[in-house]
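Undergrad: Respectively, the protein sequence lines represent chains A and B.
If you read the first sequence in numbering that gives the first Met the number 0, its first letter stands for residue 0, the second for the next number, and so on.
If you read the second sequence in numbering that gives the first Met the number 0, its first letter stands for residue 0, the second for the next number, and so on.
Calculated from the structure, these hints are not laboratory results.
Be aware that a few hints might be false.
[Said to hold, decoys possible] Dumping the calculated DSS-like pairs for lysine-lysine here, alpha-carbon to alpha-carbon at most 30 Å:
#, chain 1, residue 1, chain 2, residue 2
1, B, Lys373, B, Lys338
2, A, Lys115, A, Lys201
3, A, Lys161, A, Lys79
4, A, Lys56, A, Lys79
5, A, Lys161, B, Lys307
6, B, Lys307, A, Lys148
[Stated by the list, open to error] Here are some, though not all, of the chain A residues that point toward chain B, as calculated from beta-carbon distances under 10 Å:
#, residue
7, Met18
8, Ser244
9, Thr250
Cβ atoms here follow ideal geometry from the backbone N, Cα and C, with glycine treated the same way.
Here's the letter readout for the chains.
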Amino acid sequence: MIPVLLGVLVIVFSLSYLMPGDPVVNKLGTSNYTQEQYDQVASEMGLDQPFLVQMGKYIWGVVSEGNLGTSYQTNQDVSKSIGERFWVTIRLGLLSVAVTVIFSVPFGILSAIKQKTATDYIITVFAVVLASLPGFWLALEGIILFSLKLGWLPASGLTSWKHYILPVACNALMALASTMRMTRSSMLEVIRQDYIRTARAKGLPERVVIVRHALRNALIPVITVVGAQVSMIVGGSVIIESIFSIPGMGTLMVTGINNRDYPMIMGVTLLISVFVCIMNLVVDLCYAAVDPRIRAQFSGGSKKKKRKAVAAAGKAGEQA
Amino acid sequence: MKKFVAFMLALAMMLSLAACGGSSSSDSSSDAQPAASESAEANAGDSTDSSAESADPDRAATTEVTIGSTGANFVGHFDPDGVFSTECGYVMSYLCYDPILYTDPETGEWVSDILEEYHWDEEDETKLVMTLRDDVYFSNGDQMTAEDLWYTLARCADLMVYSTLYAYVDMDDTYVDPDNDLVLYMQFTDTFGPYETLLRNGVVNESWIEENGGEENFDWFDPSLVCGSGPYAVTEFTNGISTTFQLRDDWWYKDEADADYCSIQTINIKQYSDSNTLMVDYETGTIDAAVNLSASDVDSINDAAGSKGTAVTIPSNYTAAIVLGVDNNSIFDNMNLRKAICLGTDADAIATAVYGSLGDPATSTLPTSSPYYKAGYAYTYDLEAAQAALADYYAETGENSVNLTFVAASGGVDAEIAELFQAYMEAVGITVDLQILDQGTAVGMWIEGATDFMINNSANGNSTNEVTNVYEHYESTDVFKADARQGEEINSLLTAGRLTVDTTERASIYEQVQQYFYDNYEVIPVAEWNVAYAYNDTISEMSLLDVTRPNLRFMAG
Numbered sequence: 000m001i002p003v004l005l006g007v008l009v010i011v012f013s014l015s016y017l018m019p020g021d022p023v024v025n026k027l028g029t030s031n032y033t034q035e036q037y038d039q040v041a042s043e044m045g046l047d048q049p050f051l052v053q054m055g056k057y058i059w060g061v062v063s064e065g066n067l068g069t070s071y072q073t074n075q076d077v078s079k080s081i082g083e084r085f086w087v088t089i090r091l092g093l094l095s096v097a098v099t100v101i102f103s104v105p106f107g108i109l110s111a112i113k114q115k116t117a118t119d120y121i122i123t124v125f126a127v128v129l130a131s132l133p134g135f136w137l138a139l140e141g142i143i144l145f146s147l148k149l150g151w152l153p154a155s156g157l158t159s160w161k162h163y164i165l166p167v168a169c170n171a172l173m174a175l176a177s178t179m180r181m182t183r184s185s186m187l188e189v190i191r192q193d194y195i196r197t198a199r200a201k202g203l204p205e206r207v208v209i210v211r212h213a214l215r216n217a218l219i220p221v222i223t224v225v226g227a228q229v230s231m232i233v234g235g236s237v238i239i240e241s242i243f244s245i246p247g248m249g250t251l252m253v254t255g256i257n258n259r260d261y262p263m264i265m266g267v268t269l270l271i272s273v274f275v276c277i278m279n280l281v282v283d284l285c286y287a288a289v290d291p292r293i294r295a296q297f298s299g300g301s302k303k304k305k306r307k308a309v310a311a312a313g314k315a316g317e318q319a
Numbered sequence: 000m001k002k003f004v005a006f007m008l009a010l011a012m013m014l015s016l017a018a019c020g021g022s023s024s025s026d027s028s029s030d031a032q033p034a035a036s037e038s039a040e041a042n043a044g045d046s047t048d049s050s051a052e053s054a055d056p057d058r059a060a061t062t063e064v065t066i067g068s069t070g071a072n073f074v075g076h077f078d079p080d081g082v083f084s085t086e087c088g089y090v091m092s093y094l095c096y097d098p099i100l101y102t103d104p105e106t107g108e109w110v111s112d113i114l115e116e117y118h119w120d121e122e123d124e125t126k127l128v129m130t131l132r133d134d135v136y137f138s139n140g141d142q143m144t145a146e147d148l149w150y151t152l153a154r155c156a157d158l159m160v161y162s163t164l165y166a167y168v169d170m171d172d173t174y175v176d177p178d179n180d181l182v183l184y185m186q187f188t189d190t191f192g193p194y195e196t197l198l199r200n201g202v203v204n205e206s207w208i209e210e211n212g213g214e215e216n217f218d219w220f221d222p223s224l225v226c227g228s229g230p231y232a233v234t235e236f237t238n239g240i241s242t243t244f245q246l247r248d249d250w251w252y253k254d255e256a257d258a259d260y261c262s263i264q265t266i267n268i269k270q271y272s273d274s275n276t277l278m279v280d281y282e283t284g285t286i287d288a289a290v291n292l293s294a295s296d297v298d299s300i301n302d303a304a305g306s307k308g309t310a311v312t313i314p315s316n317y318t319a320a321i322v323l324g325v326d327n328n329s330i331f332d333n334m335n336l337r338k339a340i341c342l343g344t345d346a347d348a349i350a351t352a353v354y355g356s357l358g359d360p361a362t363s364t365l366p367t368s369s370p371y372y373k374a375g376y377a378y379t380y381d382l383e384a385a386q387a388a389l390a391d392y393y394a395e396t397g398e399n400s401v402n403l404t405f406v407a408a409s410g411g412v413d414a415e416i417a418e419l420f421q422a423y424m425e426a427v428g429i430t431v432d433l434q435i436l437d438q439g440t441a442v443g444m445w446i447e448g449a450t451d452f453m454i455n456n457s458a459n460g461n462s463t464n465e466v467t468n469v470y471e472h473y474e475s476t477d478v479f480k481a482d483a484r485q486g487e488e489i490n491s492l493l494t495a496g497r498l499t500v501d502t503t504e505r506a507s508i509y510e511q512v513q514q515y516f517y518d519n520y521e522v523i524p525v526a527e528w529n530v531a532y533a534y535n536d537t538i539s540e541m542s543l544l545d546v547t548r549p550n551l552r553f554m555a556g
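Please model the complete structure; the sequences and the hints are all you need to start from.
TA: In structure tokens, the structure reads:
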């Protein structure tokens, strides 16, 4: 994780530095200013130093003090700015994924076990339609229908449970299609396996066959997709946050990019990278939780060590 | 499996509860309001103890309104003199701080609540004498003195708000009267026409800043540290999203103010990223007023014949113009080429297409609302004359093609203007390589001079209607190479216009400037554009001069 984060820091810092545009000019605005004033601001922002010095100082500040720097544009501490918004984005992202899972997995299973029936076709068409819809369009249509026409839901902000419905629904619907399709194809593959046929031959109820024997084995690719979606939703939250005026990290990132606010860009990117790394770890743990074979690999390793230790102790006893 | 299902259900429930359990500590929630208010009052001193609960029934028919805007950085820090994010600086500044001077939206005149009077020194025309009223108090109970004025002006000069213009203020020789701590002598380096524009920032309390960390460490993002002499206190704040202001019961000017001046008890400000969401919230009554509207939004409100409230259109006091980089590319040394470009651009059609009902074709480089405007300095579209001028250019230079570059910023009307201009140039026979880039990238290229054209189009308009704010970009020192004119004649005119306080002389000079640009085919005036806002029946009256930096004191319930 640490090498990954260091890599992210170096790459993003370099790309930011190479971006056209001047953060000093963005801060000073387009009014006239003298070269001395420009130099003074550049010096205050540390931009008068060589690239490697700037990058080294930044990385050292992050590593040694956890200091993400100060925003060029607002002079506010970047960690404070992010802290105000981080959990908003994370909460929205996790809630969206939870809703996605709750709806997509059952429908994916249904589609698989009812393969080539009207139910399967309806679900498949629904998934394809959802996958084709751009997120911003879905959000705007949702606002027009549920806020403007029906007046059921608020269109902006995030201050009550009602405010969560539209943005979560938009995020979830966008992610629903791929998870549903993945669950379906994975289930189709599993339910053709011999052990499923064996389970049915044993006379087990169909519900038990599907839930206990098929689903568990089909979940691995689904977990991979869901894990990726959490990262995508959190990292790509800018559209939904902008449309629904949600105070999250997405809007912070966009403002930072427009203003060439390097510390803000770096801070947000770093936090998202940390989150993605943690999600990958969680996904790996979920593999072990649902698949005994993976769990066995790890526990098997420790058993081998135990056996070797016992054998060594036995030999030592014999020699004695 | 049962364990897994149970775990998933528990996770889903936990996330639902976490998500719906309310917002972060800085979010606007009704439960959080009293605490935030108390905190603000506690920090601002005893004198504001009852401000949040205060309500004067004589002054407030409507007690609470919510204003929304798509303006960038509409909600932000609480530094009235901050160089950054000035939009939010101004919105908040008008409510929490008293500017030295401000423009009355009804008369357009410069007025002051805090000054007893101000005048130029009789013996020294470069010295402005300002006398404070003796009853101006900050929210912590401190009396405002001329020392606070000095400190505020020094901050503005240091922070480089309107940096070029503040260079005309000599802070070393600006001083407080030793015998009267309510009088400030503001020293300019020269006579200075647009001096009022330097006096519209909110006055801060020097001793309060010193007590709370000093200039270096004062936290301008902490609403509890806001300590101005203005009518409102901040009670809730979510950076970049919303701010709530509460009318102070102990506002020093309260008894003198008209009934429709600062009469709303609670003002909520919301910033929107998306104009569609803003309009949905306006139409559903979530917000009572929307500022910075598009032409289609204004048309929609007007078409509804009052059922969607009142749409108000006001001049931006700015002319959008396409500027030829005459000193950035030697190709423009040829007058015939410049003439071909200016006559081959149908500015009227561009204005109509781009601005719709919010724009009018420009008739000069100055807007009609300017006191120095003169008509007749726009070009009449004549394709044949343009093609003939281009033929003359070819004949004079031996060239047979013209290729120019136009870098424009994306995401606004500038890109549309540039695209239409490119099409008109193609009809003339001139190839324009159009590069529409994001603002940050475009700015870098403008500074490098990597464009042959610029669009001069102030995003914030010109709320003070000060002519200097329209013409400042043409001076030789401008950072954008295509904008900057290096010619001695135009620069001396612009400098002379700035350095005189005689309005007759200024009128004469700025007429010559308009004539100069017209005669030399250097600038194509495109459109005078308007800005718009709307309010519903909750608000009986709302007068603004500016939609990106609105003074929300002029609202009545």
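Undergrad: If a hint holds in the structure, say so; if it does not, say that too.
TA: Results of checking the hints against the structure:
no., hint, verdict
1, B:Lys373 with B:Lys338, "holds (21 Å)"
2, A:Lys115 with A:Lys201, "holds (26 Å)"
3, A:Lys161 with A:Lys79, "holds (27 Å)"
4, A:Lys56 with A:Lys79, "holds (20 Å)"
5, A:Lys161 with B:Lys307, "holds (25 Å)"
6, B:Lys307 with A:Lys148, "holds (14 Å)"
7, Met18, "holds (7 Å)"
8, Ser244, "holds (5 Å)"
9, Thr250, "holds (6 Å)"
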